[in-house]
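Please work from the sequences and hints to get the whole structure.
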Amino acid sequence: LVSSATLAMLALNTMIRLGLRAPRIRARMDPSDCGLPFRDICLATANNKHVHGWLVPSTISQPAPAMIVLHGWGGNSEMMLPLAGPFHRAGYALLFIDARNHGTSDSDSFSSLPRFAEDLESALNWLQRQPETDPCRIGLIGHSLGAAAALLLASRRGDVAAVVSLASFAHPEAVMRRYLAARSVPFVPFGWYTLRYVQRVIGYRFAEIAPQNTIRKITCPVLLAHGREDTRV
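In our numbering, each number is its position in the sequence shown, counted from 1, plus 1.
Simulated from the structure, these hints should not be mistaken for laboratory data.
Any given hint could turn out to be false.
[Claimed, not checked] Derived Cβ-Cβ restraints for the label pairs, each shown as a range:
1) Gly86 x Ser5: 13 to 21 Å
2) Ala91 x Gln129: 17 to 25 Å
3) Ala171 x Thr60: 32 to 40 Å
4) Glu133 x Val189: 54 to 62 Å
5) Glu133 x Ser4: 19 to 27 Å
6) Ser5 x Arg157: 41 to 49 Å
7) Val189 x Arg158: 38 to 46 Å
Glycine included, each C-beta is placed from N, C-alpha and C at the ideal position.
Next up, the structure:
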């Protein structure tokens, strides 16, 4: 028989997963609404899943430099489209991707910073094989959690040309503590348990993947940008 304590823990774990689940928002616009040519891409990623992408070709002679663009938690590629025009006019090819559980990409058991980085790495590997892009001149642009994922990936690979981090947090534990406090969740015992449960599920300690730590290992140029009116990070 399953004890009442075990059932209570299972219920708490389920509540944590549901409470931290990212909302899925479908795109209503695509690059054509910005007057840009593009083609839909389906990329294989971890766990036998696939992510959806838009590839906007460069206007210059090939092979061209390229940027991979990744949204934040609960976002999608449509939300990153304001970046398309300026980079396209500058001659870059652009690959916008939806992380798993976001946009029109496949569902998976959960989303996390490391999984965002896995999807970003799948896109990088794919784009490096395309004849129209220069594999030595591919950069990463991420927003919020996507920015943290870009920094994590760049800290692991020496073939990323540059990173643009838009509104990345410094440490995931600090973000989660603020999130729980804003919802009046007492840190002892529930907040404490939530932090440790999340680390166990994602398979990493927060300190290992914290941008304030991963950025120290990056050798390519990095641009950090942040809005002064950001009330969340």
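So, going through the hints one by one against the coordinates:
no., hint, verdict
1, Gly86 x Ser5: 13 to 21 Å, "violated (58 Å)"
2, Ala91 x Gln129: 17 to 25 Å, "holds (20 Å)"
3, Ala171 x Thr60: 32 to 40 Å, "holds (37 Å)"
4, Glu133 x Val189: 54 to 62 Å, "holds (55 Å)"
5, Glu133 x Ser4: 19 to 27 Å, "violated (60 Å)"
6, Ser5 x Arg157: 41 to 49 Å, "holds (43 Å)"
7, Val189 x Arg158: 38 to 46 Å, "holds (39 Å)"
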